[in-house]
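Enquirer: Spelled out, the chains give:
There are 2 protein chains.
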Amino acid sequence: MVLADELAKKQQSISVAEFFEKNKHMLGFDSPTRGIITTIKEAIDNSLDACEEAEILPDILVSVQKLGEGVFRVVVEDNGPGIIPEKIPNVFAKLLYGSRFHQIRQTRGQQGIGISAAVLHAQLTTGTSTLVISRVSVMMKAHKMTLTIKTETNEPEVISHEEIEWMHPHGTHVELVFKSTMQAKKKLLEYLKYTSIVNPHARFRIEIDDEFFTLDRVSNDVPPCPISIKPHPYGIELGVLKRMTAASDLPLKEFLIKNFSKIGEKIALEIGATARLNPIVRVNTIQLEQLNHLLDAMQTVKIPAPPASQCLSPITEKLIVKGMEKEFQLDFIKARTRPSNVFDGNSFIVEAAIGYGGKLPPEGNAMILRFANRVPLLYQQGACAITSTIANINWKNYGVSQQNLPMGPILILVHVAATNVPFTSESKDAIASIPKIEREITLVLQELGRDLKLFLNRRNKNKLLDDRARAICTVLPLIAKKIGEILELPPPNTSLIEGKIMRQVVLKKKSTGGKISIRVDNYTMNDQEVSVYDISSDPARNATISPDFVMEMEGEYTKVWKRTLPAGENFEVSYTGVGGGIVDMQGVAENMRVVVDVDV
Amino acid sequence: MVLADELAKKQQSISVAEFFEKNKHMLGFDSPTRGIITTIKEAIDNSLDACEEAEILPDILVSVQKLGEGVFRVVVEDNGPGIIPEKIPNVFAKLLYGSRFHQIRQTRGQQGIGISAAVLHAQLTTGTSTLVISRVSVMMKAHKMTLTIKTETNEPEVISHEEIEWMHPHGTHVELVFKSTMQAKKKLLEYLKYTSIVNPHARFRIEIDDEFFTLDRVSNDVPPCPISIKPHPYGIELGVLKRMTAASDLPLKEFLIKNFSKIGEKIALEIGATARLNPIVRVNTIQLEQLNHLLDAMQTVKIPAPPASQCLSPITEKLIVKGMEKEFQLDFIKARTRPSNVFDGNSFIVEAAIGYGGKLPPEGNAMILRFANRVPLLYQQGACAITSTIANINWKNYGVSQQNLPMGPILILVHVAATNVPFTSESKDAIASIPKIEREITLVLQELGRDLKLFLNRRNKNKLLDDRARAICTVLPLIAKKIGEILELPPPNTSLIEGKIMRQVVLKKKSTGGKISIRVDNYTMNDQEVSVYDISSDPARNATISPDFVMEMEGEYTKVWKRTLPAGENFEVSYTGVGGGIVDMQGVAENMRVVVDVDV
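Residue numbers (the working numbering), protein chains in the order written: chain U, 1 to 600; chain A, 1 to 600.
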């Protein structure tokens, strides 16, 4: 027997489940720490996609319970349209099965792997099956199944199946038990928070062990479900065209119009003419060489871009700014959504935002937030085209220091929305290096970089003025003191002048022989919404301007005046009384306020 | 009809070929540039693995020919054991099919995807089938087939099949035509060069368009083929154990001994006792809860590490040093092979080397060379655990500057050899972040870092001495000139003193009125092998030491004296003659020599 016979005995098929059981890190199950996050992420992706398709406001329960040492139960339950019982086994317990792989539109799930990978992970680490409950309508009962995947064949195995009563009219509940750790709890909460920010129409109720909280919806509008489009001629490869033509006996013109996006009668005829093919030739009779000409023609004839507005669903500039501002209270934030573009026939849109200051850490690398199809990307930042593109921009041009990544209190958010996001692996952690996408990211960040530079320049100029003012304010009290000595008087109070020089808001309460005056001067460059609190034994009934609010408590009167003070303006009120007590204001930043209380 | 019914219509299976046709970047076909390299790499992986299994010295032909604008034909032909005709279609035209996936040993191919992915890429970009010729023995004819993959089913389609005469007694020839560019030619040559370095027993003949060259073998020893081992109990997961026990009716003790590595009678009984299971219980009767106890016992009982020496094949320190030295002529190079270790039951060994100076670029990031199972990794450096581990080491401890990566004329080579390399994706570009592997890389680089530090310290000390000497030597001639002026004499020649201070080798020829003397002083700290050349019209027949070699040519006599001069020693010879001509020496580095020719 020849050696090749010997070797041949070892050659055999590998089921896709076996493959991923061995290479589970490719699915995002590389460490016990990630198991919980990856599972929840896959389930939530499915819930949000399904709710979007059914135009339902998503209401999602996420529960993580520790069952024993290193063993956790994860439940994700939604109010989506449900899954018909015949399909439940394949949807949950067969890798490479799904509804979104063959559609050309923006979806969170796109591979038909995610949730089944979690089922595989559960049975691999604990030997347990996954529990699914799903109900499609109030008219029908819910179906409850327990499932595993037969690894050798990648086929679902239904362990049990029963019809049950269920409190929800429709929705899906999935429950998995696997080995994991909760070391990544912070990352899980981050994932949920960012998911909630970019899905403002969804409500998440979260139970982690004995903690309960809700991330509420801030919008009641279901975003329109992206509509599936036909493939664009520019993105077709010869092998695919060959397969499509072989399977059709339509005449060329009709074939083109029926199967592709943005081809009408005129363009179809032009393609035919360019390829020197008769528009009535049956496409399954076209030979390989002519197919090559046809493909060339399809890619040279001018055809409008695919209809991105239908099939894509960007987060939008407004929503990005709102979410980031809420989270980080930034000194500067700007977002931009680029026009749609195409790579390999896939429509995509890049959105980005740059934030500065606020609650961002002042030192170290910029904070990078990556999103793909409205899903936050949490792992493999170093492997992602978003990161490498950021590193390849010269941030020094925009007044930002850089060591590979930009540094300082900077936040960079990038969202890539595409009909097919080119992830580097099945775990969907990082976007592959596609030049067209990288170019769009570069362009949008350069645009935003210019805005950031303007802000930083202005801020630096302001800082210079501040420094000068500060120097003057240091000597002012000394001069005042000297003058006081010369004139043998108490030194004059310089706070007001200082406030003016420092461009601050100055609140001054002065009590002189039973006459009380309160004055607020806005020396800043902006409008200020000020609430003045004056707490004393004076009821101030004869105040020149009545307080907006008065409260008495044990003989102490809290009087509140609330005003919007334009830059440079002031507000003054006086009354008679004994003075004393506490005076303060709210609504003005800590470093912009001076409060003076003078009792002469 | 409920909405779920509507949605269900779109749910369907996705064939693995469809999946990778859409996600071809996961296979390393993300850009036309990469197509050629990925294809050649996959074919060579197979050839080298097959030759190793058959204990054949590999002789591999790689040919890349441009057929037309952007269309290339790639041929890889080996002298391996060949593939029997029944298996050819599955091996080349079915994703997830192969002989090495289920084996536990170090192989280049491990996924059963590579070469079929190239076939898929060829048919996708040019619509052409792939040509395979294979012959398993001189006793049989060769089989020639053309193949494609049916994408919808991931099954091979044999377009043609004939038996042919073939000049080679055994081997395999694969020929693919696809769209690509040759922009990455430099990277291709790099890949071939490094592959040849770590496979010194292989010969590569390379034809790229009209260039031909050979990377010859430098060793005639076929490295021993790693032997497949059984899984180690420490790496088993519950799901796998459940499957194994369900499929066996052996008693527990025999089951453990037969199916696992390093379990003998004694350990098998200990595992049984720890799990409170009777060693004669039939394993297919063990329930899930008891299986959990069994697994715990298998992972707590002390069991020797898997037999790494059989199943792994490291490059070895000697070979790494040899290859790197040849390539970069380094000033410093040191390699280390760590003891074998285990992650998730997979044996692995980390080897590394650090080089310094020589032909390495003096500026910028360190050069990082990554290898996995003797295959160079060329892409996605940023996504690789090797890179992140290097970045996480504090190189300043070892006298190396660092900005994320270490910087300067430094080369860092890391080879991970494993029974299952945890690649981040099917393209096998980067190693996933597995803590145990990262720890081994850290340890070996820290060891090497300490050696590098010693070298750099010594070099810096030498440099300090040199700087001082240089300062003295700058003023010496000035002093000499001044003295000459005072004494009204020509300034004394200070070269000799300078040579002494600078620790150099000084050759001095002096002609004084017909008396010629030649003297060599070795002021360096090392032995020097010096050849002195004296070319003049003097035959030097009365030389105090006869030349080792004399040659006359047109009245000019070349006299050569060859000596090994210990540090601090000198050599002197004199003769009578007219002097003049040329004097020089060989064998001394350029920056360590001073030649003085004085004619008084």
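Certain hints may be false.
Each pair may be met inside one copy or between any two copies, as identical chains are not told apart.
Said to hold, decoys possible - Straight line, CA to CA, 25 Å or less: simulated DSS-like cross-link-like pairs of lysine-lysine:
#  : residue 1 : residue 2
1  : K10       : K150
2  : K141      : K510
3  : K22       : K262
4  : K322      : K453
5  : K322      : K436
6  : K150      : K322
7  : K87       : K359
8  : K10       : K141
9  : K186      : K144
10 : K9        : K187
11 : K144      : K461
12 : K144      : K326
13 : K10       : K453
14 : K185      : K461
15 : K144      : K22
16 : K359      : K141
17 : K9        : K87
18 : K179      : K453
19 : K436      : K22
20 : K87       : K10
21 : K185      : K326
22 : K179      : K302
23 : K9        : K453
24 : K186      : K436
25 : K10       : K262
Hints are computed from structural coordinates only; laboratory data are not their basis.
Enquirer: Would you pick out the hints that fail for this structure and give their numbers low to high?
Expert: Checked against the structure, the hints that fail are numbers 2, 5, 6, 7, 9, 10, 11, 12, 13, 14, 15, 16, 18 and 23, while the rest are satisfied.
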